[in-house]
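**Student:** If you're matching them up, the sequences are chains A and B in order.
Numbering follows this note's numbering, in which position 383 of the first sequence is assigned residue number 383; successive positions increment by one, without gaps.
To convert, take the position in the second sequence, counting from 1, and add 383; that gives this note's numbering.
Think of the hints as simulated: they come from the structure by calculation, not from any bench.
Built from N, CA and C at the ideal position, the CB exists for glycine as well.
Just so you know, not all the hints are guaranteed correct.
What the hints assert, rightly or not - Label pairs and their in silico Cβ distance ranges: (1) A:I40 / B:D602: 31 to 39 angstroms; (2) A:A340 / B:P632: 49 to 57 angstroms; (3) A:W146 / B:A550: 50 to 58 angstroms; (4) B:P696 / A:A340: 51 to 59 angstroms; (5) A:L274 / B:D410: 22 to 30 angstroms.
Unchecked claim - Straight line, CA to CA, 27 angstroms or less: simulated DSS-like cross-link-like pairs of lysine-lysine: (6) B:K403 / A:K204; (7) B:K511 / B:K701; (8) B:K488 / B:K553; (9) A:K209 / B:K403; (10) B:K600 / B:K701; (11) B:K511 / B:K607.
In case you want the letters, here they are:
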Amino acid sequence: MTPPTADVMDATTPAPLRERPPASVYGPVAWMRANLFNGIFSSLVTLILGFLILYGLYGFIEWGVVNAVWSVPRTATGALDPTSCRLVHGLGACWAAIGDKWRFMLFGRYPYGQQWREALCLLLFIGLYWVSADRRFWRRELGLIWVATLVVIFTLMWGGVLGLSYVAQDEWGGLPITLILATFGLALAFPLSVLVALGRRSTKLPAVKMLCVVYVELIRGVPLVALLFMANVMFPLFLPEGVNIDKLLRAQIAFILFAGAYLAEVVRGGLQALPKGQAEAADALGLTYWQKTMRITLPQALRLVIPPLVNTFIGFFKDTSLVLTIGILDFLTTSKTAMADPVWQGVSTEIYIVVALVYIAFCYTMSSYSRGVERTLDGARNR
Amino acid sequence: MSGQTIDPRLANARSAPKRKLNISWADPLFRSIVWQVLIVGVVIAIGWFLITNTQRNLLVRHIATGLGFLSNTSGIPIAETLIPYEPSVSTWGRAVVEGILNTLKVAVVGIVLSTILGTIIGIGRLSKNWLVAKVAAFYVETLRDIPVLLQLLFWYGILQSLPAPRAAMKIGNAVFLSGRGLKFPLIEWQDAHSWALVAFLLGLIGTIAWNATANKKRDETGVKPGVWPAAVGLLIGLPVLVWAALGAPFVVDYPALKGFNFVGGGTVTPEYFALLLGLTLYTAAYIAEIVRSGIQAVPKGQWEAAGALGLRPGSVLKLIVLPQAMRVIIPPMTSQFLNLTKNSSLAVAIGYQDIVSISGTMLNQTGQAIEGVGIIMVVFLTISLSISLVMNWYNARIALVER
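Turn these sequences into a full structure, and let the hints steer you where they fit.
**Tutor:** Here it is, written out as structure tokens:
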């Protein structure tokens, strides 16, 4: 005999009266008792922390909204008159400074009339990241998309062709520089790091392995600031007389070498985590080393390390700000330069907050993407 | 009889025949040798190219190589010094040592503070208290996503914009916080204090020894003799006694406003304060995540089993969970310590004179670029290696003993 199914039950017996559980185990009061006021110590911590948060929030709203100056009037000559900002200094935020300075912060000293080109570059960069993040585009053509986009970006930045006026490289600045440093750094450091990781895992080429170990450990042992320094003062010594590479390129090279060493360790971790049987099976099939690596081990290894790779990317994205120490006009440097404007004297916290929000937007997107990928990969593995 | 037994099957086995190298592309050994010679050759060629260029450039610029310049007078002022330093007399070598000490000063204090703060936040994120968990999560997610350099500049900006010494914020009439930094009273150091310090160190050794004996006794009898009374006596009583016996000198040097600045007392400069604050808060966010994942890596059954054995919550954490969590925590923690030390080089952006900043000045003024960068690299490689060694030793000590 089959047990009665649900609809049979519903048809014959009246539905039981749904009683709400008592308020002591259900509802906001019970939730608060369990999660906020569970014991004397917990209640005390909640009260103190709650007070501090409300106090801080109150202070921030008072500073950032209530007392804030959102715009300033212009004087007869057309210059901005920051008197109202000076009056509330220390009591209220001067968001008017951001309104005046945001283009300088984003685009640096790029010719004002041509800044749409840099803005277009920003959009292209973001589009490129968007496409690269989508698993539907993970195929060989993605490489072509990257090359094409980067060529377009450089054409836009430099100009001199297609009716675009030429803009010298030392006039570039702002957020595009940050993105150029990060994107080119990673685009070139990544292949380098794969080669180094393979070299370091190599058993048949001890001399190459040695070179890779020395490279990785040497770079990881010193701070990026020191490498940038080196790029700034030692590159001119290394090169033949008369040859001069510009500052941005030097920093870019230092950045590629730096990122290459860290990424190599991540990739190596993936190669190590792969079961040995995969490589042995490929050998047994008679595949050559490169067939084995490109078709069997590397794709699996890279898939394993996507989350740590993205975390390393986030780290490098933040680390591009270090070029401030050698005077390259990236986003942080232009923003800091904007603070030096005598009109907006004393406006620094507001600008720092805006810059931090931009960085947070980029990094948070990347990290939540990484978490998403991790979940899908875990799901695929636990199937 | 020797401990080694020989597999009887191997006794008569022949060793593998010696491989002969074939000069042919089909021989893997030949191929690998060719590749290695090629790659190493290219690296050497690039290196040689760079070195000859450098030599020629140095010749053109009339820069003598070598570390001889380190004994020349430096002439650069250093704001914060741990050992006596006089710009007009002291040498570049001395300046470099000051730089190394300043780096260590920030790195060591930063590592200790960020470990404490990070552990608190990491445990806070696992708290049953909803508010505490959310605040900790917010802290971690926000601070990790802002470049550390931006944070340093932000704190430095805030510390600099504090009121002038005349309008300093103060606690009592002893501690002052102004745009010139934090001023606090200092005890005038005398011989009695040195002896008290020696007594404290002796007491520390005594306490550790007594604890070891007590543990041994516990293993034998099951009852552990009290350690606290002895520890208090040795760590507090002994130094106080020594200090009192030497006349109990106690002269406090209070900072006082004189003209436009403070005189006397101890100082924490805004540069050091900002650097320490920024590095500590930033690294603590990472350490918090490491601590959290370490504790979560301990299976729930361990908590429950320990509870079932009747251990109190504190003992469960101390005796069961933390020793297991430590094994997961230590390796990533080591790399965070290394990161903090390397990030301390960002001091150069806010004008704290660490080794990178001083070497930078040196290399600009003397033109000794290679030596300057070489010094930076050697110093950081040494520090990194030392931290790695200490942490690896600790890691080996707490590692799972598999039998």
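**Student:** Decide, hint by hint, whether the structure agrees.
**Tutor:** The hints, checked one at a time:
1. A:I40 / B:D602: 31 to 39 angstroms: holds (37 angstroms)
2. A:A340 / B:P632: 49 to 57 angstroms: At 50 angstroms between Cβs, range holds.
3. A:W146 / B:A550: 50 to 58 angstroms: Since the Cβ atoms of W146 (chain A) and A550 (chain B) sit about 56 angstroms apart, the hinted range of 50 to 58 angstroms holds.
4. B:P696 / A:A340: 51 to 59 angstroms: Given a distance of about 55 angstroms, which is inside 51 to 59 angstroms, the answer is holds.
5. A:L274 / B:D410: 22 to 30 angstroms: The hinted range 22 to 30 angstroms holds for L274 (chain A) and D410 (chain B), with Cβ atoms some 28 angstroms apart.
6. B:K403 / A:K204: Holds, at roughly 16 angstroms.
7. B:K511 / B:K701: holds (19 angstroms)
8. B:K488 / B:K553: holds (26 angstroms)
9. A:K209 / B:K403: Measuring from Cα to Cα gives roughly 24 angstroms; hence the hint holds.
10. B:K600 / B:K701: Roughly 20 angstroms separates the two Cα atoms, so the pair holds.
11. B:K511 / B:K607: Measuring from Cα to Cα gives roughly 33 angstroms; hence the hint is violated.
Against the hints set out earlier in the document, a violation occurs for number 11 only.
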